[in-house]
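We have chain Y; now place chain Z onto it with these hints.
Protein sequences, first through last, are from chains Y and Z.
For the first sequence, position 197 (counting from the first letter as 1) is numbered 197 according to our numbering, and the numbering increases by one without interruption.
For the second sequence, position 127 (counting from the first letter as 1) is numbered 415 according to our numbering, and the numbering increases by one without interruption.
Hints in this document: simulated from the structure, not taken from any laboratory.
Beta carbons: idealized from backbone N, C-alpha and C, even for Gly.
It is possible that some hints are incorrect.
Across the chosen pairs, the derived CB separations fall in these ranges [stated by the list, open to error]: (1) Z/R547 <-> Y/V205: 53 to 63 Å; (2) Z/G585 <-> Y/G188: 19 to 29 Å; (3) Z/R553 <-> Y/E153: 45 to 55 Å; (4) Y/A211 <-> Z/G565: 42 to 52 Å.
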Amino acid sequence: METEYRWLHSSIFYNRRQWNSLLAGGIAPFCSAAAREGRLKRFIVHFNEQRGQNVRVAFEVKKTFERPFLARLSDYFTNYLGLHPSSPPEQILPIRNFIGDFPVNKVFYHLYDLQRSCLNPACEEALQEFRHKFSDAMIIALAEEVIEPDLIETFFLYAGLTLLASFLDLSPPGCAADLRARCLQNLGQHDLHRIERLMMEFSNVLHEITADIREGTDSGTALGWLNNWRDACRNLTELSSSLDKPFHIDLFMLAMESLASQTNIPISRSRILMWSMVRETLDFHIGD
Amino acid sequence: MNRTPHLRETIAKNIRDNLDFGRLEFILLDYNSSDGCEFFVKKELGEFIEKGILNYYKTTEPRFFHHSHSRNMAFRLATGDLICNVDADNFTGFGFAYYLDKVFSENEGIFLATGRSCSDLFGRVTMRASDFYNIRGYDERMTGYGFEDLDLINRLSSSGLKRINIADQSYLGVIRHGNWERICNKPESMFLDSILVKQIDFYSSLLIFLMKNGDLYSGTVLDNSCRHAADPFAELESIDFPYEYSLLEESWTTGHWDRDEDGIRLFYGGQTKSLRGGISSYYLRDDSSTFFIVESGTDMAEEGLFFQSQLFNRAIMRLNSAKKTEKVNASGFGQGIVSRNFDDGHFINLHYGNGIQMATQFNLL
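If we strip away everything but chain Y, and leave its shape as in the complex, we get (with noise of 0.2 Å):
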């Protein structure tokens, strides 16, 4: 059946070094508006640095608003990115593309498609409402700092423990174990020399992240956005249990690589980390 939304894909073209600004400040006052006007039903944020920096905004929109949306979409960046342009970021040397990267301060379209997963479609619809949430929280976890890679990455890891509690908290009996089987079958042979020295690096950080996630926070804190957090997990992971176990676990797997490629961590280090996560948050578990 045609359903009566489609996605529409923009990428806007600004310094990293002020995303936080952009999120706060452009994307966020945007998309509320539209969304109370009703002409927006969700949105998925990416980080992105190909062919330059820039913060990829998909939007689910009604078919009947589309062109009206794009104008305005178009009008109000045009005019945001006017009033605040970011820094044109340095040139990196020796090249890396042929083509030139995109001007900072712009907005381009269709540069991109939202990965579709080969999932049923009540799954794919909890799946895309778990990647809106998540934009929600990297809008309000991010707004306040300059947004570096270690940033990303600790956002990351509060992000991944979270859904993994919820998982673990939730799931039928045996799904741990395989996971854990899972995780481990993703690392190849490098990343596993990688591996031990990671784990000596992160153990107290992600100690730390998972009391923080246990203890639970208060709304008005830095970690304010949790709770919201919270709740998505385990809507998608309540709705995902009721799934044969392969199913459930594929589920997951698809969710954390969506937080990976929305933070635009690499693929390969994404694989470290959620290893990491797992390990340490089963060690945990055992140890209680």
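Only chain Z this time, still in chain Y's reference frame:
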């Protein structure tokens, strides 16, 4: 040329998988390889030569690989009614010869090709020898990489033959490999000095390939996938483009270049440009533009060469299509001198009448 590592994996298996058909000749053309092909054939394939199943031909004339010429040469050495090109990295699968015989017995006016799913298999084209001679083979003006097979297919179709795609995947095995192996025996790969890149905007760049002998090739490359990216409504239209990348001009502009004390001088398209060194060794400048330098031997240079090579051939294919050209190579094709089965005392002269690719040619007698 120089694809013996692939042949070690494929050719004996391909022969054994089709041996029981009987009326079959394998032709292996050694296009002046320097990677031990002759030694390999003597040592590993001698039994097939003695039984008359395999004929090993060698030409020592070519310095560089020429896809179209090598294929034409091998096809001209074939004596059967049906000819099939099997690239060195291809597996025919068991019973492929029976399959070809059956399809051609049951159908008149056809040729066989593969679908578009895997470019490594585009070379697998089977046709009647008479049809090959009718269109005068692969177009030897195509000195780059790629599209010579598609051009041949287009011209076979234009001549009135019906294309049938091989659907059975068991006949379509292939060794996966990188692009460098496809172009490393091309003269451009050996003689590239560097590539200059002037990035014009977010979808186009001027590329200038500087060759060690002073030649240059220049052209404006377009990234069609993002050409309309500034238009908010482009996503609502269905804008089709046949290729992700294309050349703005009809073909590469040729010219020459040299070095002087301060930088380099370019002479092409009726203009002279002097480029001077910048603060960084990664670029040169003229009065208004920056030309980034891509050194030969880098991954980007390989990518650029592959691209240049493809676009060169693609331009010829498009020209043939536009003009509805069926017959090519007016002055002959597959010409050269070859020896057969290590007999260096007797040569076959293909300069008259009607072989570096190491392609095996199937030849149903």
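Evaluation of the provided hints:
Range check, Z/R547 to Y/V205: about 54 Å between beta-carbon atoms, so the 53 to 63 Å window is met. Look at Z/G585 against Y/G188: about 27 Å separates their beta carbons, and that is inside 19 to 29 Å. At about 49 Å, the CB distance of Z/R553 to Y/E153 agrees with the hint of 45 to 55 Å. Against the hinted window of 42 to 52 Å, the Cβ-Cβ separation of Y/A211 and Z/G565 comes to about 57 Å, which falls outside the hint.
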